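> Turn these sequences into a full structure, and let the hints guide you.
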Amino acid sequence: MKLYEYMAYELIEKIKSKEITIEELIYQIYERIEKTEDKLHSFIHLSKEKALNKAKQLDEKLNKGKPVGRLYGLPMGIKDLICIKDSPTTCGSKILEGYYPPYNATVINRLIEKEGAICVGRTNMDEFAMGSSTENSCYGPTYNPWDLERVPGGSSGGSGSCVASGQTPVSLGSDTGGSIRCPASYCGVVGLKPTYGRVSRYGLVSYANSLDQIGPISRCVYDTAILLEIIAGYDRLDSTTVDIKVDKYTEELQNPISKMTLGVPKEFFGEGLEKEVKNKVKGAINKLNSLGAETIEVSFPHLEYAIPTYYLIAMSEASSNLARYDGLRYGSMSGDLSGDLYEVFSRTRSERFGSEVRRRIILGSYTLSAGYYDMFYIKALKVRTLIKNDFQNALNQCDAIVCPTMPTTAFKIGEFVDDPLQMYFMDILTCPVNLAGLPALSIPCGFDTKDLPIGFQIIGNYFSEKIILNIGYLLEKELNIFRKLAPIKDGGN
Amino acid sequence: MEGIRVSSNYEDVIIGLEVHIQLTNLKTKLFCSCNADYRGSEPNSHNCPICLGLPGSLPVINERAIEFATRLALALDSKINDSMFFFRKNYFYVDLPKGFQISQYNKAGGRAFADRGNITVKINGNKKEIRLNRIHLEEDPARLVHKGSIATSPYTLVDYNRSGVCLIEIVSEPVIRSPEEAREFLKQLRSIVQYTRISNLDLTGAARVDANISIKGHERSEVKNISSFKEVERALKWEIQRQRNLLKRGKKLTQETRHWDDKRRITISLRTKEFEEDYRYFPEQDLVPIVIDKNFIQQVKDKLPEMPNERSIRLQRDYNLSEFDSENLVLDKDIADFYEDGVNSVPSFGPNEYKQFCNWLMNDISRHLNEQNKTIPETKVQPKLVVDLIKHINEGKITTKIAKTFISEMMNGSSISKIIEKKGKKRISNEEIIEGNCKEVIKENPKIVEDCRKNPKAIEALIGRVMGKTKGQADPEITRRIMFKMLKQIGIII
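Sequence lines, in order, name chains Z and P. Here the first sequence is numbered in our numbering, starting from 716 and rising by one per residue. Here the second sequence is numbered in our numbering, starting from 2 and rising by one per residue.
Since the hints were made in silico from the structure, they are not lab data. None of these values were measured; they are calculated from a predicted model. Keep in mind that a hint or two might mislead.
Unchecked claim - Heads up, incomplete: computed chain Z residues facing chain P, CB under 8 Å, no partners named:
1. Y917
2. Y949
3. T955
4. A1038
5. R1044
6. S1047
7. M1048
8. L1083
9. S1084
Stated by the list, open to error - Far from chain Z, by Cβ distances over 10 Å, these chain P residues were calculated:
10. P60
11. N91
12. G110
13. R117
14. R281
15. K398
16. C453
17. N456
18. R482
Said to hold, decoys possible - Cut-off 25 Å, straight-line C-alpha distance, at most; resulting in silico cross-link-like pairs (BS3-like, lysine-lysine):
19. P:K108 / Z:K1097
20. P:K440 / P:K423
21. P:K231 / P:K249
22. Z:K1002 / Z:K1192
23. P:K188 / Z:K1094
24. P:K188 / P:K238
For glycine and all other residues, C-beta sits at the position ideal for the given N, C-alpha and C.
If you want it as structure tokens, here you go:
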């Protein structure tokens, strides 16, 4: 077995036991990346030299018996909207070309500075996390390693494909309406969106700040649990983080689930759900039943309003969050500086933002405008509360909700390019979770006839990551498909 | 062109003020830990990712700012809301690195920090309550630096040191009826701010005012950027006159936003109503709602110092001062503290000395401070120096007239005996010396002496001449007695 085929926890063990050095690992990881990157385009920037230097430093420390942190040089892909000091962070946008943040995001301090992870590169994404396919990156799309003609999902598409293809054992993504779970589902890997307020957003470039959350992507639930233990927790720099004890997730994975009740929402199995997806998800639910979990039907009467509600809120917030990009202080500016300040601002923003970003800024500015605010934004907040209540009612009856992550398997590149609404509807099963602020895990539960992975979603109550990881871990063991790496090939159909 | 006619008729004028006060006594900014004391610092040196609005940065509320706002709200008798959140006020400008200002809003489901409140002013001896609408917290934008007037400057420089400094905005109801009322309102507000120790309004840019001005029955204009309290009266007078002149010429007033150009001392139009910015206010969700409980308010209340109106009543009672004197005295907390330190340091002082001390402070010392543009703590004068000055006068060692010439040296910290030594201005009470001077004056001024036969007041002129000869040192009472005696001796008066 090659090193890139191992899980993160296995690699950590190998380094701990001095079976391999960190430098060897990082070197082999880059070998793998160099061999596959042309086909996948998972990364926007790679930082081989920096990573190898860091590896050497850590090895030296290890040799001297000094602590190197819990991650022992674990290589990671980091989505390109999480700030790393003095390292380019573009959010997949031309407007941030040449921007080097002068500070680290809190998760970077915890993973890299404190626990010794190594960032091997910045993963590709839809511009400012706006999209479900990673086609909206100004650096071009990422390709799904199971079928190179298909999208890897988005917006954290690079973080999904790099893990699925063995380019890195783990990565970080961010999830606003499904941006971790969608690529996890389409790429056949594990992705967790933690409870809103569980992981610090300090240093995460905002798309829709009341919905955004950073989370890990990995090949097995255990690896996600390792990373969550490190990144979760209160941060005084993010007022929305909650000071609740962080569980020992890795130690709670094998608990029996025989006393658990799982809610199956009938609306999540409605129109638009592919039959093969439905069957595999039902099959996984049966496995959980066989492990002793009871299932009940729960109801989400307001699910049909989730998409408009989500997009109204996300676009409104985005229009404000993205107001700061004018090219004046950082990033890139239009080459034509003629006219007054506002003309230069407008020109820079028209030239440097992609069409999907501009669409969302314009719609969001509109919905916040005088006369429309009550009709759109305030109404959306009210419906958000109703959707939250739906979840609360369901979770009063069960320990977790189980359902598909995506209604389909990965679609073809360009399939929805001219139909943004159709693309928005792909988020139907993921975005309600963000509106409610709940944690949700996606794990692979099988393949369709085209050999494309299918994602299984487990939604928990607030701060109950322990429970959904526990369920996910046992299901993963039962299904036993998680070791399979993506083949990196054309689908041929 | 017709000039600006000055009119003092303000019966139909309606003014509302929005006063922005920087909480200069806060050590750090409103949402980050950068040093808020930027004055005199290298431009763009008090910054971090938060106050520069860098991507990914998040605000964290400065809890002291909440305490400061609570103090002011209590002092203004405003009703503090028990829970509230911040809003984003969206607009593009170079002074706003995030493209929005974090502020508070009392519409769209939001609430101000506190509602209502009032400030009592005295207009022509009558008390008037000026009602407040609300007060709220917000962050200061960056400071723009121009060469000369904003209208003609070839460039704009941006100093982000001010970006994120805590401002408190006090919004009055449109119940101010003249520029003079506005001045009195600001005078009282300045005093209250000083007593609550939240800001030093003597610092440049610590207070800025926007004014809504209209003439009854016509559209209003909003004059922005009046950069100090002192400028407000001037800007209001100018703007009212501008509106009147337009009406006089049969023009219609339009709702517009104007800018006070303090270099040229005129208001200039920025934009009219149809181009008014839509700020797209909506909740700032990077900050959690603020909950202010009753215990907290009580704690702040317990620590609140005596306010100027309460102090004025106490000073009238304890020091037998008139309402007029005490109200003037308490206006500047430093002056009032100085007063109490002084009069309390001498157990033998009574109502006469209390009044004397007050007069010295309110007249000669205040005049000196105004001329020097200084506050009393910025000088070296100590209460015991004024006590000494009064003692010297009351013990007959110097005359009041001489004492007045001591003020500037006393303000520099010189002791009274040192000043006397240096100036040689001790009181002359030696009767032989005074007699000699009187004799000379009588000899030199036969005409005035003759006058004394019919005009008893002419003797004052002779006494004045003696004072002149002795450089004011001759004791006026002894001089008077001797002059009378000598004029009697030579038969001028009986």
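> Each hint should be assessed against the structure and marked as holding or not.
Do the hints match the structure? See the list:
Contact between Z:Y917 and chain P, as hinted, is supported at the beta carbon level, the nearest pair being about 5 Å apart and thus within 8 Å. Taken as an interface hint, Z:Y949 does not check out: its beta carbon lies about 12 Å from the nearest beta carbon of chain P, beyond 8 Å. Contact between Z:T955 and chain P, as hinted, is supported at the beta carbon level, the nearest pair being about 6 Å apart and thus within 8 Å. The beta carbon of Z:A1038 is positioned within 8 Å of a beta carbon in chain P (closest approach about 2 Å), and the interface hint is therefore held.
A distance limit of 8 Å between C-beta atoms decides the matter here; for Z:R1044 the minimum to chain P is near 7 Å, and the interface restraint holds. Interface hint at Z:S1047: violated, since its Cβ lies 14 Å from the closest Cβ of chain P, which is beyond the 8 Å cut-off. The interface hint given for Z:M1048 is violated, since its Cβ lies 13 Å from the closest Cβ of chain P, which is over the 8 Å cut-off. Evaluation of the Z:L1083 hint against chain P yields a held restraint, the C-beta minimum of about 4 Å falling below 8 Å.
Taken as an interface hint, Z:S1084 checks out: its beta carbon lies about 6 Å from the nearest beta carbon of chain P, inside 8 Å. The Cβ of P:P60 sits about 7 Å from the closest Cβ of chain Z, inside the 10 Å cut-off, so the non-interface label is violated. For P:N91, the requirement that its beta carbon stay farther than 10 Å from each beta carbon of chain Z is not met, with the minimum near 5 Å. Interface exclusion of P:G110 from chain Z breaks down, the closest Cβ pair being 7 Å apart, not more than 10 Å.
With 10 Å as the threshold on Cβ separation, the claim that P:R117 sits away from chain Z holds: the shortest Cβ distance comes to roughly 26 Å. With a least beta-carbon separation of about 4 Å from chain Z, P:R281 fails to lie farther than 10 Å from that chain, contradicting its non-interface assignment. Residue placement check: P:K398 keeps its beta carbon more than 10 Å from all beta carbons of chain Z (closest about 64 Å). In this structure P:C453 is separated from chain Z by more than 10 Å, as the shortest Cβ-Cβ distance comes to about 81 Å.
For P:N456, the condition that its CB be more than 10 Å from all CB atoms of chain Z holds, with the nearest at approximately 78 Å. Distance check on P:R482: its Cβ is at least 80 Å (rounded) from any Cβ of chain Z, clearing the 10 Å threshold; non-interface status holds. Of the supplied pair hints, the one linking P:K108 and Z:K1097 holds, its CA atoms being roughly 17 Å apart against a limit of 25 Å. Note on P:K440 and P:K423: the hinted pairing is violated, with a Cα-Cα distance of about 29 Å set against a maximum of 25 Å.
About 28 Å separates the Cα atoms of P:K231 and P:K249, which puts this hinted pair outside 25 Å; it is violated. Between the alpha carbons of Z:K1002 and Z:K1192 the distance comes to roughly 10 Å, so the proposed pair stays at or under 25 Å and holds. Restraint check for P:K188 and Z:K1094: the C-alpha separation of about 45 Å exceeds 25 Å, so the hint is violated. Restraint check for P:K188 and P:K238: satisfied, since their Cα atoms lie roughly 17 Å apart, inside the 25 Å limit.
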